[in-house]
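Line by line, the protein sequences give chains A and B. Sequential numbering from 1 applies to the first sequence in the working numbering. Sequential numbering from 1 applies to the second sequence in the working numbering.
Mixed in with the good hints there might be a few duds.
Beta-carbon label-pair distances, calculated as ranges [to be verified]:
hint, chain 1, residue 1, chain 2, residue 2, range
1, B, D134, A, Q164, 43 to 49 Å
2, A, Q201, B, E195, 57 to 63 Å
3, B, L121, A, L238, 55 to 61 Å
Looking from chain B toward chain A, a few residues come up when the C-beta cut is under 7 Å (computed) [stated by the list, open to error]:
hint, residue
4, V55
5, G58
6, G92
7, V93
8, S94
9, S101
10, N110
11, E231
12, L234
Here are some of the chain A residues that sit facing chain B, going by a computed Cβ distance under 8 Å [what the hints assert, rightly or not]:
hint, residue
13, L238
14, G411
15, R412
16, Y420
17, D442
18, T446
The hints are simulated quantities; they were obtained by calculation from the structure and are not laboratory data. Note that beta-carbon positions come from the ideal geometry of N, C-alpha and C, so glycine has one too.
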Amino acid sequence: MSDVATKEVVREIPIARDVVTREAGKGSGRVSSTRAPSSIEAYREDFERQESGPAWLDDLRAKAITRFETLGYPTTKNEDWHFTSVAPIAEHTFRLSTLHSAGALGVKAADLERFGFGQAEWHRLVFINGVFDESLSSFEDGGGAVRVDSLADAIKSGEPAVQQHLGTVAKFEQHTFTALNTAFISDGAFIELARDAVVDQPIHLVFISGGEGVSHPRNLIVAGRHSRAAIIESYVSLRDSEYFTNPVTEIVVGEGAHIDHYKLQRESESAFHVGTVQIREERDSQLHSFSFTVGGALARTNVYTSLDGDAATCTLNGLYLTDGTQHIDNQTSIEHIAPNCPSHEVYKGVLDGRSHGVFNGKVYVHPEAQKTDGKQSNNNLLLSPTARVDTKPQLEIFADDVKCTHGATVGRLDELAMFYLNSRGIGRETARTLLTYAFAADVLETIELEPLKKELEKMVLARFTDSPAG
Amino acid sequence: MLEINDLHAGIGDREILRGITLKVNAGEVHAVMGPNGSGKSTLAQVLAGNPSYQVTKGTVRYNGLDLLEMDPEVRAQNGIFLAFQYPVEIPGVSIAYFLRSAYNEIRKANGQEEVDPLEFLDLVQDRLRLVDVDESMLSRSVNQGFSGGEKKRNEIFQMAVLSPRLAILDETDSGLDIDALRIVAEGVNKLRSPENATIVVTHYQRLLNYIIPDFVHVLANGRIVKSGGKELALELEEHGYDWVQNSAGVGAGAS
């Protein structure tokens, strides 16, 4: 339009294809068990058996299960799943988990302390295989200004915000796993912040899973005008088992509201996790998202945000650490709908063993979204010759006065830096730990919640310190 | 302290050092001079154990030990220090953490107890003054965003903290203005002692006005072509490297 338009697309270092394509095709040797009925039929059976809710919810669930059946599982021909095969999930029949008590999973108070990082003053809602456990939870429902409750209770008591927003942010038409989650909406967390409400302490949602079934936690966060809160979702388990967690979180960030959202995916190493955090931002709102992923045999985390209002800002950061034969996929999407919105994104990955990491970050700038300022980067460190990463930053710009940059790197430890440390008396193992930690810690620096940052730093350092020589 | 005998080394198939023989005793300062490509930086890197270089022939004894058998960190733990010509940037690692790790690794290797962060902070105070750097530098990432002069000072500061027995300064004077040069040289001089030795690798004679060497060696084409006292450096300054190369009957330096 104007001749001063600055459409800047900077492409950084090209990805080393020789590095990323190595070990292609690995993982196809996985033994899969196909049992009758098919997993899709089993989901339908469990769907029919679930307790009915209010009519509007039953209607939403029914549409969702039908959509799930129509869509089926995504194949690697689907662009969104190009590098991730969900065959291990599709070929496995996960029944709806029935283990809903702390006793069933052997959860003790000390475990909660560990998962809660010893932060006793944080508000804490605990879910066992997706079902709220009041006895393990401790939080204050702030009455009028701050509503914190289980979604099940909020549905039962007919909270207007639930019916108003549920399913409107996380759309399932094109997303199999969101459709599946929606078909089984029953419990999770419901947080509603009234206008100007400020939550003094972080709200920690702890999802403890185990056994061999599936759970579909559903969280709804509605932040009113100029409200503020920090919310943490932790996905953890006590012992290794082959369960499936399929959570969906919807967040509405109202005008001028500020939400810090942290997702810590620390599922057991044999578990499956496909989770979506979907956000809608109104004008002048701020969203800071941090996604920390270390768990699961096959895990996918989606963080999707839509900048609907003028001058809304978002920061989507993340760190994934993979090892063994893990397959960890992170996908983000930032939709610039309104003008004057800055979006910043940094995802880092450290990949060891024969693990496979995937990053796909999309930034769409719609025609009306002038003066968009988007920065996106994805940096990966490969610690072993058999680790692999596929990274695909994507930028689609339909406005002409925008500034967007994106880039991805894949590299190994810098030999010169190694020698520099060695030449100062620091041995190879310590030097490796130090350099790896420094690579990862850099993105942890962006975490504003100090106690969480410290705990994650400790966790990351311990992981690299224990790492065997490579 | 250090006995280099007929040392040949290079990168890949390219031979850079073609038979270096040099003896350094405790208390001595040796200057190794030479034109670009003569192999002087390679000598420094090989002595510190950079794995990018391969030694193809010769021996290096250090205090009676086979230096070439030692990993770079073991060399450092035994008192060898290389001040890098191009110090490496390490984002995300603070100088305090880096240097304390180095200090403690060296102490551990020598059967001494490690020091905690507070003790360490105490003991580096006068070392900071020695090279005229502010304490705030300790919290910066190693060399990241440093100016050329800051990087060189940081190298000498590290040397001061680690107090090596054999310090190798690789072109520490390059890129320094005269004030920085003086500060760095004073730092080096204060660390000189009858138990320690220093090898100063340099292209220019300028640094040797401040760090007075006991011996000067001229390297050309991977060999020492001339050795002498400190006056040799002045002669070189006056006549240029062509003078030694011609008088020694060697062609232009290696690439």
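Tested hints:
no.	hint	verdict
1	B:D134 <-> A:Q164: 43 to 49 Å	57 Å, violated
2	A:Q201 <-> B:E195: 57 to 63 Å	59 Å, holds
3	B:L121 <-> A:L238: 55 to 61 Å	42 Å, violated
4	V55	15 Å, violated
5	G58	21 Å, violated
6	G92	3 Å, holds
7	V93	5 Å, holds
8	S94	9 Å, violated
9	S101	6 Å, holds
10	N110	10 Å, violated
11	E231	33 Å, violated
12	L234	32 Å, violated
13	L238	33 Å, violated
14	G411	13 Å, violated
15	R412	15 Å, violated
16	Y420	4 Å, holds
17	D442	5 Å, holds
18	T446	13 Å, violated
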